[in-house]
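If you're matching them up, the sequences are chains A and B in order.
Residue numbers for the first sequence follow the working numbering, so the first one is 161 and each next one is one higher.
Residue numbers for the second sequence follow the working numbering, so the first one is 11 and each next one is one higher.
None of these hints come from the bench; they were simulated from the model.
Check before you lean on any hint, since a few could be wrong.
[Said to hold, decoys possible] Within a straight-line C-alpha distance of at most 25 Å, the following computed PhoX-like cross-link-like pairs (lysine-lysine) qualify:
#1 B:K574 / B:K523
#2 B:K462 / B:K523
#3 B:K764 / B:K685
#4 B:K594 / B:K628
#5 B:K400 / A:K241
#6 B:K594 / B:K515
#7 A:K177 / A:K214
#8 B:K400 / A:K176
#9 B:K764 / A:K177
#10 B:K497 / B:K515
#11 B:K417 / A:K176
#12 B:K530 / B:K520
#13 B:K412 / A:K176
#14 B:K561 / B:K594
#15 B:K515 / B:K412
#16 A:K176 / B:K462
#17 B:K400 / A:K177
#18 B:K520 / B:K561
#19 A:K214 / A:K241
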Amino acid sequence: MNYMPGTASLIEDIDKKHLVLLRDGRTLIGFLRSIDQFANLVLHQTVERIHVGKKYGDIPRGIFVVRGENVVLLGEIDLEKESDTPLQQVSIEEILEEQRVEQQTKLENEKIKVQALKDRGLSIPRADTLDEY
Amino acid sequence: MLGKLRGRKNGIFTKSHNEDITLIGKSLEDCPLDEDEDAFQGLGEEDEEIDQFNDDTFGSGAVDDDWQEAHERLAELEEKLPAAVNEQTGNGERDEMDLLGDHEENLAESLSKMVIENELEDPAIMRAVQTRPVLQPQPGGLNSSIWDGSEVLRRIRGPLLAQEMPTVSVLEYALPQRPPQGPEDDRDLSERALPRRSTSPIIGSPPVRAVPIGTPPKQMAVPSYNQQILCPKPVHVRPPMPPRYPAPYGERMSPNQLCNVPNSSLLGHPFPPSVPPVLSPLQRAQLLGGAQLQPGRMSPSQFARVPGFVGSPLAAMNPKLLQGRVGQMLPPAPSFRAFFSAPPPATPPPPQQHPPGPGPLVQNLRQHRNLNGAGDRGSHRNSHQDHLRKDPYANLMLQREKDWVSKIQMMQLQSTDPYLDDFYYQNYFEKLEKLSAAEEIQGDGPKKERTKLITPQVAKLEHAYKPVQFEGSLGKLTVSSVNNPRKMIDAVVTSRSEDDETREKQVRDKRRKTLVIIEKTYSLLLDVEDYERRYLLSLEEDRPALMDERKHKICSMYDNLRGKLPGQERPSDDHFVQIMCIRKGKRMVARILPFLSTEQAADILMTTARNLPFLIKKDAQDEVLPCLLSPFSHLLYHLPSVTVTSLLQQLMNLPQSAAAPAPSNPHLTTVLQNKFGLSLLLLVLSRGEDLQSSDPAAESMENNQWMQVMFMATRELLRIPQAALAKPVSIPTNLVSLFSRYVDRQKLNLLETKLQLVQGIR
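Could you put the whole structure together from the sequences, leaning on the hints where they help?
Here it is in structure tokens:
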């Protein structure tokens, strides 16, 4: 049954593997089991995938219920093409470590930038102190 | 009425000291017991209101006798329970076992005691029930909640549960409690987020349900059961944590169906040795289901099956589960049959997932299937299962749920004017349709069926908004709402005198004015573009009016572009040039041109040509001028020779008379160095040539003029140093023949090279 052709109704996507990007930056991969009119999602056998550079790591999470407003985008994963990626899967510990290192370098760069601006008498408020919207 | 109320009130007052009863309304509390008639009557009116608010106590929800007696019984229970509890905690399993016994009478009695009433789903009552002192230490010190039903009610025997057994109670499906996290924390990160679910019968966590709360029963169970089987020996089941199996929940399964228990003790008689003992906690919970509720306290849902109720699709004894990754969980044949009074599903043994050795199991299932003869539901399943073969979790979302969501989505698409509300979608699909129509004409194959979404059309309703009016108020009170917004700021437009402003401000204001004009003209343009569609949709009599409107708007647009300055013979170019300096203005002009009359459009073109260097300079960043080429070229085909001649003159900034000395021509240089300029020039030349060649014999004034201009033009072109010429959009083919008229061979070659007119020279 062809549900609402030409639209983004998620009904046709049910029971398929999806990649969901959330507003907080997380990437979830799971089987879309249920939806509702707000595009709240129920993901099954969900895995949170962390990407750092060319590596990625998966953390199995089980069942996720995602509130629709927090979804940035989602797309179906082609199960056949899923495995040919140039990315390299690593263990969870390793990817978390990499992520930590990445965050650290970012913070340090940010600090240097802020310091440089301060030296020149400028100040740019940090993003988290600004209103999100 | 009053008398009745009074009676009730009296009743309440006698119970007023019972903390379980919540008194509503201050008046009641304040009233002394022996109030007089007057006060009573006064309260009578208030009672009506109180009545409304509190149905449970005063209104239809309460039946006098019941609650009073019920509460009395509750009070009795309070005394009874401490004794009972000691027994329970002490002997636990055996006790309960005795309780249930094998006798039918005991069974029935315990049935009536343990089954949860509908009434008790009322949270108010549940709360009341729970305010009783906690008689038994809660496991892990967790607080009671309304989901503790099974435990709390366990203590309450007797009168509360006098009713018939309900189908399925909410409490039955309650979530299990979180057991206290032991020191068995697994460092296995895959288990990081997963909750541990204990299904210990001692703790009495309610069974974990695979079927969501509120799933309507699917089938009626045939009541036939073996009592012996239904009295499982309670066992403290603490499942081992690793190795973990992914919980293979079948679809639409209830744990009760899967009471094929690996643990022999649970069923009270020996199991075949082939049964594997290892299960994940959740699976076990599912399997054991009601049997794990409480030692000896069987799941009411099991009993529910007995009298013919169906808790959940027992029938969905999913063989997949059994054949699943967990391994074999084989029910012993006799017990299985006996245990499940409801017919198992008619699902065929799925061909997928074949772990070794489910053969006998499958046979069992088939037997049972045949036995109970339930088939209708299974057949739906078959086709679906084939469809989603390898996915045991498919179709968790039911068809009707999908329909429900899509219905909501369709409702959201209701629109009185889809073209207005959903412009891009409509446009996109129109384009697609045109494409497919075009393909269909070209191609010979059958048209690819493209299902189109038909959105519900809703008739336009005229709403006349009337602001709310209060009765009895003097004058009109203005209440501000979303439909009737209040004016926040009285913004007054003050016109400033020229002297006050600085130069910059003037420039800024001028620019702003231009922007406003562009916006207004753009709105007009969109309306004009829309007229075609409206024309098609409109009725016959409306059409002339539409046409008039359209013409009027076009005139307005032109006026806007050229700057309406009555009294001036020829409006200055300034206005137009200002518009053309802005990117949006240029694009807008390009869109307007097709709607203008030839004279008007020619005028625009001339003005552009006149001011081209300036415009080119201003366009350096945007580079939008080439968008004008297409409408200009269309226009050119309609222009007479005279116009073309003068156009060429303007474009190249040629002196009026041929005799005048030719100064250096930066105008031309700029034009030639710009893509748009060069392309336009070539177009004009080409057009002239066309005109010329189409009418060779006529020695008209125009022709003469043209030739003169051409001579000058070629002279100029030759003169110009070969700077970096722009790359024109397209080079008309007749230019060589054009130039050949006016120059000799040698110069022709020069021209060709310079202007790169010949193909191949790049």
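Verification of the supplied hints:
1. For a cut-off of 25 Å, the pair hint linking B:K574 to B:K523 stands: about 14 Å separates their Cα positions.
2. Of the supplied pair hints, the one linking B:K462 and B:K523 is violated, its CA atoms being roughly 45 Å apart against a limit of 25 Å.
3. Pair hint B:K764 plus B:K685 holds up; C-alpha atoms about 15 Å apart against a cutoff of 25 Å.
4. A threshold of 25 Å between alpha carbons decides the hint, and for B:K594 with B:K628 the separation of about 13 Å falls inside it, so the pair holds.
5. In summary, the hint linking B:K400 to A:K241 is supported, as the alpha carbons are separated by about 18 Å, within the 25 Å threshold.
6. With a C-alpha separation of about 22 Å, the suggested pair B:K594 and B:K515 falls inside the 25 Å cut-off, and the hint holds.
7. As the CA atoms of A:K177 and A:K214 are separated by approximately 22 Å, the hinted pair is consistent with the 25 Å bound.
8. A hinted pair counts as satisfied when its Cα atoms are at most 25 Å apart, and B:K400 with A:K176 qualifies at roughly 12 Å.
9. Among the hinted pairs, B:K764 with A:K177 is inconsistent with the structure: their alpha-carbon atoms are about 62 Å apart, more than 25 Å.
10. With a C-alpha separation of about 29 Å, the suggested pair B:K497 and B:K515 falls outside the 25 Å cut-off, and the hint is violated.
11. Restraint check for B:K417 and A:K176: satisfied, since their Cα atoms lie roughly 21 Å apart, inside the 25 Å limit.
12. Using a Cα cut-off of 25 Å, the hinted pair B:K530 and B:K520 holds, with the two alpha carbons roughly 15 Å apart.
13. Distance hint between B:K412 and A:K176 is fulfilled; the C-alpha atoms sit about 15 Å from each other, no more than 25 Å.
14. For the proposed pair B:K561 and B:K594, the alpha carbon gap of about 23 Å is at most 25 Å, so the pair holds.
15. Straight-line distance between C-alpha atoms of B:K515 and B:K412 comes to about 60 Å, which puts the hinted pair past the 25 Å bound.
16. For the proposed pair A:K176 and B:K462, the alpha carbon gap of about 23 Å is at most 25 Å, so the pair holds.
17. Taking the CA atoms of B:K400 and A:K177, the gap is about 13 Å. The hint holds against a cut of 25 Å.
18. The suggested pairing of B:K520 with B:K561 is violated, with an alpha-carbon distance near 29 Å, which exceeds 25 Å.
19. In summary, the hint linking A:K214 to A:K241 is supported, as the alpha carbons are separated by about 18 Å, within the 25 Å threshold.
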